[in-house]
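Undergrad: Take the two lone chains, each set in its own frame, and fit them into one complex as the hints suggest.
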Amino acid sequence: MERKDFHHALTILTDVCIGCSHCMRVCPTEALRVRNGKAVLYENRCIDCGECFKVCPVRAIIIEQDDLRQIFDYKHRVALIPSVFFGQFSDKVTPAAVHDSLIEIGFTDVFEVENSAEMLSHAINRYIASPTAVKPVISSFCPAVVRLIQVKFPALVDNIMLLKPPLDISAVYYRKRLVDAGAKPEEIGIFYITPCAAKIAAIKSPVGEDSSEITGVINMDTMYNQVLKNIRHKSNDSQSATQPFIKGKSLMWSLTNGESGHINGNCLAIDGIDSAIEFLEKLEGEEVTDIDFLEIRSCDEGCAGGVLSYGNRFLTVERMRKRSKQMGTTQTAPISGPGTDMWDLYPYLLQRIPLVEPIKPRNMVKLDEDMAKAMKKMERVQRYMCFLPGIDCGVCGAPTCRALAEDIVQGKAAISDCVFLQKNMEHSRKLHPDHSYRIMERIWGKDRLQKDCNKLQNRNLES
Amino acid sequence: MDLSQCFNNYFAMHFKYEIQGGDFTNAGQASSQVKQVLKQLNVDPKLIKRVVVCLYEAEVNVVAHAWSGVIDVEVNTERIQIVLADKGPGIPDISLAMQKGFSTASPQVREMGFGAGMGLPNIESNADEFRINSKVNEGTTVEIMVYLSQA
Ligand SMILES: Nc1ncnc2c1ncn2[C@@H]1O[C@H](COP(=O)(O)OP(=O)(O)O)[C@@H](O)[C@H]1O
Ligand code: SF4
Ligand code: SF4
Ligand SMILES: [Mg+2]
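Going down the list, the sequences are from chains A and B. Okay, so the first sequence: first residue is 0 according to numbering that gives the first Met the number 0, each after it adds one. Okay, so the second sequence: first residue is 0 according to numbering that gives the first Met the number 0, each after it adds one.
The shape of chain B in the complex, shown without the other chains (with noise of 0.2 angstroms):
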């Protein structure tokens, strides 16, 4: 074991979390971790809020949405940037997506107390950036960004 190969293989505040669809035992992981990071950080306790809520919504979107999807998050001192992409359903109307209150949860993603059509409009109202992209039978691909140095 050599300590200079790990420390030039290292790339920093970069994570990347793989989600299957379905999988609701798991979802949560991700932004749990990334919570944890910020905190290390030192980030505003409130701008941490803001990432875990966009994260948690959007991880759980894939979840329950779509059939399995990446999460790619990227941090630096300005900014976090996430951007998840899921192979999926897509989303036919994403204006009607962002409404609140509109979902297409299934009866058995709601019993699981999922699904109350909130999570598109939490994103949006907590991400400074946000970005949709949607094909219908191929996937849907989320951006989020939050800048970090804001007083």
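Chain A with its partners taken away, still in its complex shape (with noise of 0.2 angstroms):
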């Protein structure tokens, strides 16, 4: 049995899975099966990268997130807000009006997350300079990069750089912030507008952190459609004194190379989720030197392609672009609420920007605990390797051969699963071609082997 440790911000909902097994076959980390005609999560192995909801057709994979009306529990109700947030709107639509939206839709302080960038990498500066720092350093920005290497890269975890993501910065910030002015700390309520699953799931189950200081999480896509909205009820235009604050190199860190664009010594950036993957692979080896930071991110052009994103990455990253040019390096009027310099509280941010705890490593790779168990199950899967056909077709509800292999030795699967071992089997009558029906149907679920002509690639056909 898979043993659940870890939350995870992605649900398959049954009733609307149809069993297409699209998912299945672009998860990184093989954490995808169909077992009955429906997807089948095993859940240590997700690192909530959120390629699965990318493709699937019927939206059978959802996000979850708070409920919005759950800020009016709150006296200060702060919008912690990406800048790819701003990045999602037409040239018509500036930051500024983004920003009053948010606060007639109920928000008392909206805070732009990259404000504490630039502490932040004054704090990498001083962290890989440091001769205990593991080179190169890896970035622990994205959730999904971090959890990814925690799975499958297991001997990588010290090379992640154990300083906090801006969002917690300024969730830090801002809560003393609110307090120093006066607000009592259980008034205060701080809800991050996430692009993505994996900053979800690092919220509710942190790494390195015991708890974490954002109170809810609320969906890009579904802001993005309640800022909408406020916007075309409005007769005439927002005419904002408030600006969003922020310079803007920083409001392009999420960005790629807008984190190691900051960050001294040899840098890379790495970004899409199968790069990543290759580039970690060649990193283990140690076949990488002279390099001091790496910047990955699990999306394509970073948070830009994150998977609650609704503009098309390209445009929102030329649109940061040209807003980060007008920012310039200086900062303009503050905030909603009571921002001023963030440099103020330094000393106070400086030691809340390290992790608490460890990353440490959790092999999902491994086929047992134990050495010796684990290298009878890899013989046991290389005996298996020696049967199965090697093209990874699918039909036994894995998305590899090997996947396969290793299921069967962990009891999860068997090793008639295999359409091409049933043809063998029937043919050396070993097997009952009744039973061999049976078991795709355990596999596909049930009336899966008959005609239908409503399937989903048939669906919107004239008949």
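If you're looking for bench data, these hints aren't it; they were derived computationally from the structure. Among the hints, a few may not be true.
[What the hints assert, rightly or not] Straight-line Cα separation of at most 25 angstroms, SDA-like style, residue types lysine to any residue; simulated pairs:
#, chain 1, residue 1, chain 2, residue 2
1, B, LYS45, A, VAL133
2, A, LYS422, A, MET384
3, A, LYS134, B, VAL59
4, A, LYS359, B, ASN125
5, A, LYS228, A, GLY310
6, A, LYS372, B, GLN35
7, A, LYS134, B, VAL69
8, A, LYS365, B, LYS48
9, A, LYS365, B, GLU73
10, A, LYS281, B, GLY20
11, A, LYS375, B, GLN35
12, A, LYS372, B, SER31
13, A, LYS134, B, ASN121
14, A, LYS248, A, ASP90
15, A, LYS359, B, LYS45
16, A, LYS372, B, LYS45
17, A, LYS281, B, PHE14
18, B, LYS45, A, GLY207
19, B, LYS48, A, LYS228
20, B, LYS48, A, ASP273
21, A, LYS411, B, ASN41
22, B, LYS45, A, PRO360
TA: Written out as structure tokens, the structure reads:
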């Protein structure tokens, strides 16, 4: 049995799932299977990258979020906004208008997450200069990458920098600001507008921290709709006096090269989950030298490619680039709420930037905790591989032949799940055709082998 | 096809790889496969790293300095033993070759980012046991042992 240790933001709606196996085929950690005609998740393998969410044709995979109305439980309702959120909107909708909309929707305070980027970049530069830092230092920014390393590249956990990402620092900062201005801690609700599932998972079960500073999470696509509706209903253009304050360079932090651009030394920026895996494989073999800092993002173009983005990622990047240029290096008027210069709180924040707990590997590739047992299992996997066809067709309900062989030794599947072996066994009369038919039904669901003119791929055709 | 046939012929945890001199494109394949195996065996990541460093450096040495070679890897619960035997020019002065920074790598090899002269010293410091034998104009044999059951 898989033990459930980790919170996942992704849920598979079994009623909606049509068992098309698209998700299983794209999952980078082989965390999905098809059983009984439905996608099934091996929870401990999932890194919340959201690749499955992107390809589901019927939206059977959803990303949980908190109810927006929950913000009204708090007197101080802080919206922590990632810069990519402002980049979702067309040029006509200015960041100031978005900001005002958020206030109208009900937030009392709006703060752009990347405000803390500048301070963090100082901390990172100190971190990588320290002789104890394991090089190359890998950014802790993208929670999907942190989890990927934990489950698939356990030898590299020590390379992950033990510093909090901008989100956590901004939350710490804003809470402190409000408390210093007289707010009661229990009256403060800090809500993050998230571009992805990974950030939600990181908030609900943090790595390297005992608890999160964030009260709740609202999905970016939901918030996008809310803001757009609010702006449409307005008769005249918003002429806000309040400008979100941020330095131009900081707001690019979540994009490719946005973080590494702040870091001294040799830096490399890698985006996209496949590129991330390719590079980490290489790094694990220590073929990489002379690199001080690695910025790795699970999504193409960084968070602009987050699964909850409404906008096209390239357009989002372009808009953010434009805004970044406009903002320049000077800070403009302050944000809503008691915002002044963050550097006033430098000593307080600096103490709170390091992660308090080490990041532990949780190797999910292992066949057994016990090495002798793992060795026996591996021997069996190798034997099964002699028989499996090696074409990774997925008809057994596992993404690859090797994944099936591993499932078999873990008692999660049977060798007769393979169609090739079924044919073989039928041929040598070791398996009755009725039985092999039932096996297929067990994997793909009852009636799946029947004629069906209403399949998704057919639905839009006229009949 | 008969199941029992395959079951009997199978020899556990023993891997063999062939390497061609000059084939930098495929250098590192053995170490990356051995790495996958050790991960699946739940070997401590720190030990895996040491094994991979040793094997990778030794593999690259065959590619960079020899004509062809064979890698033999044997794993049991106690240890991993790696033997690399190559046909090649051999090493005339082993103690010199073992010195940090000593390298006879050609300019082309250096251009590809190899030849820092740290390979053999790295192997020595990462292996629990390390032996090297060489005959000029015949070849070099490197034996690496890493104990897996260390606390
Ligand atoms: N398998 C080998 N065959 C021949 N010569 C070798 C072999 N391995 C190492 N050497 C010699 O030892 C030297 C030092 O090796 P090493 O420390 O790995 O540094 P590098 O490979 O960077 O030169 C090499 O430059 C080469 O002259
Ligand atoms: S979120 Fe990523 S790791 Fe998790 S099941 Fe989906 S594709 Fe796999
Ligand atoms: S790159 Fe950004 S949006 Fe994508 S998973 Fe990582 S943190 Fe989330
Ligand atoms: Mg070498």
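Undergrad: None of the hints should be skipped; say for each whether it holds.
TA: Hint-by-hint comparison with the structure:
1. LYS45/B / VAL133/A: Cα-Cα ~13 angstroms, so holds.
2. LYS422/A / MET384/A: Given that 25 angstroms is the threshold and the Cα spacing comes to 17 angstroms, the pair holds.
3. LYS134/A / VAL59/B: Holds - the C-alpha atoms of VAL59/B and LYS134/A are around 22 angstroms apart, at most 25 angstroms.
4. LYS359/A / ASN125/B: 23 angstroms, holds
5. LYS228/A / GLY310/A: 16 angstroms, holds
6. LYS372/A / GLN35/B: 16 angstroms, holds
7. LYS134/A / VAL69/B: At roughly 32 angstroms apart (the allowed maximum being 25 angstroms), VAL69/B and LYS134/A break the hint.
8. LYS365/A / LYS48/B: 16 angstroms, holds
9. LYS365/A / GLU73/B: 19 angstroms, holds
10. LYS281/A / GLY20/B: Roughly 21 angstroms separates the two Cα atoms, so the pair holds.
11. LYS375/A / GLN35/B: 16 angstroms, holds
12. LYS372/A / SER31/B: Satisfied, since the Cα-Cα distance of roughly 22 angstroms is no more than 25 angstroms.
13. LYS134/A / ASN121/B: 17 angstroms, holds
14. LYS248/A / ASP90/A: Distance of about 19 angstroms is within 25 angstroms: holds.
15. LYS359/A / LYS45/B: 13 angstroms, holds
16. LYS372/A / LYS45/B: OK: LYS372/A and LYS45/B at ~20 angstroms, within 25 angstroms.
17. LYS281/A / PHE14/B: 21 angstroms, holds
18. LYS45/B / GLY207/A: 20 angstroms, holds
19. LYS48/B / LYS228/A: 54 angstroms, violated
20. LYS48/B / ASP273/A: Given pair LYS48/B, ASP273/A holds - Cα atoms ~22 angstroms apart, limit 25 angstroms.
21. LYS411/A / ASN41/B: 20 angstroms, holds
22. LYS45/B / PRO360/A: 11 angstroms, holds
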